[in-house]
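J.: Line by line, the protein sequences are chains A and B. The first sequence begins at 1 in our numbering and counts up by one. The second sequence begins at 1 in our numbering and counts up by one.
In short, the hints are calculated from the structure, not lab data. Among these hints, one or two may not hold up.
[As the list claims (entries may be wrong)] Away from chain A, derived, C-beta distances all over 12 Å, residues of chain B:
| no. | residue |
| --- | --- |
| 1 | Ala132 |
| 2 | Arg181 |
| 3 | Ala184 |
| 4 | Leu245 |
[Said to hold, decoys possible] DEER-style ranges, computed between Cβ atoms:
| no. | chain 1 | residue 1 | chain 2 | residue 2 | range |
| --- | --- | --- | --- | --- | --- |
| 5 | A | Pro202 | B | Pro119 | 46 to 54 Å |
| 6 | B | Tyr121 | A | Phe160 | 28 to 36 Å |
| 7 | B | Ile286 | A | Ser213 | 52 to 60 Å |
| 8 | B | Gly168 | A | Glu65 | 57 to 65 Å |
| 9 | A | Ala184 | B | Arg316 | 53 to 61 Å |
| 10 | B | Asp58 | A | Thr5 | 49 to 57 Å |
| 11 | A | Thr270 | B | Glu276 | 34 to 42 Å |
| 12 | A | Arg30 | B | Asp58 | 36 to 44 Å |
| 13 | B | Glu273 | A | Leu276 | 15 to 23 Å |
| 14 | A | Val235 | B | Gly39 | 36 to 44 Å |
| 15 | B | Glu35 | A | Glu285 | 53 to 61 Å |
| 16 | A | Ala184 | B | Ser223 | 18 to 26 Å |
| 17 | A | Ser230 | B | Pro119 | 19 to 27 Å |
For clarity, every value in this text was computed on a predicted model and none was experimentally measured. All residues carry an ideal CB built from backbone N, CA and C; glycine is no exception.
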Amino acid sequence: MSAATPAFELPTELAIDTDVARRVIGEFIRSQLRQAGFERAVLGLSGGIDSALVAYLVAEAIGAERLLCVLMPYRTSSPASRTDAETVVARLGAAAEIVDITPMVDGFFGSETEASPLRRGNFMARQRMAVLYDRSVTWGGLVVGTGNKTESLIGYTTVFGDNACAFNPVGDLYKSQVRQVSAAIGVPDEIVRKAPSADLWPGQTDESEAGFSYPELDRLLFWRIDKRRSVDEVVALGFSPEMVARVDRMVAGAEFKRQVPPIAKLGPRTAGVDYLYPRRRPGSERG
Amino acid sequence: MLGRMQSVRVGLAQIAPRLGLLEANLTRHHELIDEARAGGVDLLVFPELGLTGYQLQDLAAEVSLRLDDPRLAELTRATKGLSAVVSFVEESADHRLFIAAALLEDGELRHVHRKLFLPTYGLFDERRFFAAGDVLRAVPSRLGVGVGIGVCEDFWHLPVPQLLALDGAQILINVSSSPGRDLAATNEVGLGTATSWRTLMRTYAQLTTSFVIFCNRVGIDESISFWGGSEVIAPTGAALFSAPLYDEGLFMVDIATADIRRERIGLPLLRDERPELQVRELERIIAERAGLARDATSDPNAEPGLDVAPGFPVPRPIGFRKKAGG
């Protein structure tokens, strides 16, 4: 691979000003911590680009010494992922801990052989969430989310698993934009270049599973959602009607994952309905 | 009254108010008033809801101030020797909550502007929590010029700056809590919101041949970040000063009031405005949109407010059908 090969494909319409993005995100991270009365943060570092970027952003915002990176491999996780995660930790100089989730996961499923990869994958994501929330207490830091906009929109997340967090600095960045900001902030090149994967089994990649590339998917989501283009209009832009229909279905089907569960309205004032306060309000700091 | 000042030192208090913490924000206002006075500022402008923060929701009723509130009186007294525009949640006698901006001058409360246009779309939900003001007035200032105040969205409606200028304002002041969004790299300063506002402010300054002072907050409320970028624009439409994006600070800019006369003599747009024409045509349009008059120039099947008819007949609900033979 020559040095001139771009590390990733960035659709023109998705290009953002990474200086402004880093500035806004840095302020956001500091503000979220300050309002909650915390000075430290904790996140799960997988070796993939999303959590690597968030680690860099948190380190830039509050200093690497206030960040705990938790590596939570399962026995089938790729050794390359762990190497990449360790590279991030070493480059940043952040605190790190390795928690092997194999005993937790295998202890639950035991000899149940018919458990599908989906069930296992979701369970792993929720074990990792449980570990992070425990470390939130021992480290004294807020759990920072690492999910991006693309996976949130199509529902490629585990509810109460990888989408559980105190706040998310990159949840409004498409995967292509995650790559753009990652390259700008100095995330190691090999992480920016590699094919994104949930790392649930060897050789798995998001793009082979979904059947379309991230730049293509990001562009479609951008035009459909951010730019409010109709189905006919995006088909005229060159997207296949089949892909548009499939992605629309994925987005609609994942609505529940992006929202707080509804509460049956019974009393005079109900949280989220007609009891509406800022999440962080006067008096909400940790006592 | 000092008479006509030759030069006015404008102070832009581009601050990050703390959400719901009225006392902390009041303290910050007092500090900045002192700092501005020491720096020779004549007119100090704070952003929209600088005393309360923006994303208040149900906190609005908990931080609201009556105009006779002792804390507002104390802040007013602190403006000895200068003019200041401050913004807060105003509670009226009948318990409506307004987003208000007050002109305080030399220890007196001179004017209160209640936000007229409350955005309730996209990321905004203001009408749920606030009442809209009904009055738009330019007021004389001790600075020797007429001042017109608008709050954020007020300046996304064309008539507001024009009415203020026709009513005697020579300095238009917009106080904002504008959330930054659209980071597309194609924007001039990397932010779509900033591009829009910069275009609007230059246009208003030129078309009203007035100074425009735009004070926008910084900091974060919940998910949204406010981008700052406060500006002072000359009556020519040229930017005299642009504050940095996202940085908190007190920025000072000197403006020469003689520039107003120079521009208005050279480019007498205000002299040539035709407010009577606007009133006449607006009365016609209002009647037509309400279905009380026929639009003489529209297609026969056009809906009220639109001149062009669809290419097919649209059935009209009962009560909106034309009378037979009408």
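J.: Run through the hints listed earlier and report the numbers of any the structure violates, in increasing order.
T.: Those not satisfied are hints 2, 3, 4, 11, 12, 13, 14, 15.
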